[in-house]
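Student: These protein sequences, in sequence, are chains A and B. Per the numbering used here, the first sequence starts with residue 1, numbered consecutively. Per the numbering used here, the second sequence starts with residue 1001, numbered consecutively.
Source of the hints: derived by calculation from the structure; they are not laboratory data. Just so you know, these numbers come straight off a predicted model, no measurement behind them. Just to be clear, a hint being listed does not mean it is correct.
Derived lysine-lysine pairs resembling BS3-like cross-links, with alpha carbons at most 25 Å apart [said to hold, decoys possible]: (1) B:Lys1312 to B:Lys1246; (2) B:Lys1002 to B:Lys1282; (3) B:Lys1004 to B:Lys1282; (4) B:Lys1086 to A:Lys118; (5) A:Lys117 to B:Lys1282; (6) B:Lys1002 to B:Lys1086.
Restraint ranges, calculated between C-beta atoms of paired labels, are given here [to be verified]: (7) A:Ser84 to B:Tyr1213: 21 to 31 Å; (8) A:Asp88 to B:Val1077: 25 to 35 Å; (9) A:Glu48 to B:Val1003: 47 to 57 Å.
Backbone N, C-alpha and C fix where the C-beta goes; we use that ideal spot for every residue, glycine too.
Single-letter residue listing:
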Amino acid sequence: MSDLSFRVSESPLRWFGGVHAVWVGLNLLACLASLSGLIRSLRASVRECGWTWKAGSGEVIQLLSLLFLVLLPLGYAATFFVSSPARDFRYMYPSTLLMQVWALSFALGWVMDRLSKKQIDPHSR
Amino acid sequence: MKVKRWIIALAVWILVFAAVLWFESGALKKDGMRFFRFHVSASQAGSVQVFFDRGHGFREEDSVRRRIPANERQNIVILLEPGMYKGFRIDPVDNASPYELSSMEITRVYGASDQSFDASAWFSHNSGWRVDDGRIIGGGVSEIADPWHALALEPPLNVVLTGSGFRDSLSAVLEQHGRALILLGLVMLLGPSAGLLGCVAFFFRVLFDPGFYSPDSIDQISQAQIGQFWDQHPVAMALFLQAWLKIGLTIRDLIFVQALVGLLGVQYTAMRVLDWLPNIEKAWRPWLACLLALLLCTPLSPLPWYLNTLWKDTWTAILFVWVGGIALRMVRDLREPGINPWLMGCRWLGCFALMQSIVDCSAFSIPTIGITGPLIRITWESMSVGPRSRSGSG
């Protein structure tokens, strides 16, 4: 097991689990996607209801919460950009692990979702 | 259907038990293995030769050679084949360079000393030797060649690899893995995919036994054992360790629980992500999430190493994954009809604050625990809000 792990750490496969930057980058993309979705939804809602409390529809609140949520691992990793006692992999691992679980399960789920959709509706393109 | 699931879970559990029994019987057999170990260093590279007197004197065919580099202390470990040993002879160098021999001993399979030999007990020949601080120092005299040191074993050493009986293996399994097997059985009852992850965690327990320990966690364990705490490392974790040890559980059990909670956390969070994709079959979701957890258990990811290391960083990572899953579920609940999204949003923030404070407690010191109490209430309330029987949320 340790031999395999060392081999992985010396091959390009290390980019999968051994480089934080990949997952921080993905996290940043997720934040931007949530932010753009939130702005779009808020615009549509304000156009419909004006600047009232009602503009805070379920969708807007949900996207706002989602934005907070994806900021969570990014903020965790960002604290180590400000200050870090040492260059240890372990410091940023919690945020990397969470992003791995989110991103990989979303990718896997998205593929399965498309496949299932095609089976349900074979005429859809 | 339920009966079928119980029968499958029981069958798998029995298989795991049988595998551990087989593994432990092999480990008990290894218990009889013995090694001859010593340290040697020489100022010139060369080879060291060790002779074993197996009842016929020191013969070339009963000897082992090892190459040694110059000026570097080498730990020589030689497996002793089963049989009788009446003496050892070490020819430390095949040249006239100065050398040093120390720490001559018989060890067991995991390196524990079985019998150590005092340097002065060795009979030395042709070496201009002296004993200094438990070491034999010799060589360096050009006219003296082929030095050697011999030891007569009284009584002779008998190395026997005895096969252990079924009863010995069974008692070893129950003593070392009994609690973990009970816990594994309980996890199997959660569902087949959770059971599979439980088996993976159990496999890692056997593979990495007794687990890994960081200097930080060793310090925390000693704090827990002596009952004095200091805040160089998270005090909350040291207090938890103390409570854990006081109720009679072991650190190995804790590492197994940690691995289980970590893997189930990955599965839970992955399932919460899959909840957002409506076309996936409900029955597939736990298995897809399980597949992801298995992917992270390969050498592609450091997760197996983290899950089997007692470390504050591991706890933080596990908590973080659970926070990510629970919070994602609450964000999805915001769109359910009949729920005030503002109220839900506030409760979600309360949950987030609680989780963050727990993470803080595991990473910093005791004063942060003060804010955890009120926040637990908020989280409890938050988690009990929202429809429970929604399709796709397990």
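Student: A separate judgement is required for each hint: does it hold in the structure or not?
Tutor: Hint check results:
no., hint, verdict
1, B:Lys1312 to B:Lys1246, "holds (20 Å)"
2, B:Lys1002 to B:Lys1282, "holds (18 Å)"
3, B:Lys1004 to B:Lys1282, "holds (20 Å)"
4, B:Lys1086 to A:Lys118, "violated (77 Å)"
5, A:Lys117 to B:Lys1282, "holds (14 Å)"
6, B:Lys1002 to B:Lys1086, "violated (64 Å)"
7, A:Ser84 to B:Tyr1213: 21 to 31 Å, "holds (23 Å)"
8, A:Asp88 to B:Val1077: 25 to 35 Å, "holds (32 Å)"
9, A:Glu48 to B:Val1003: 47 to 57 Å, "holds (54 Å)"
In this structure, the earlier hints numbered 4 and 6 are contradicted, and the remaining ones agree with it.
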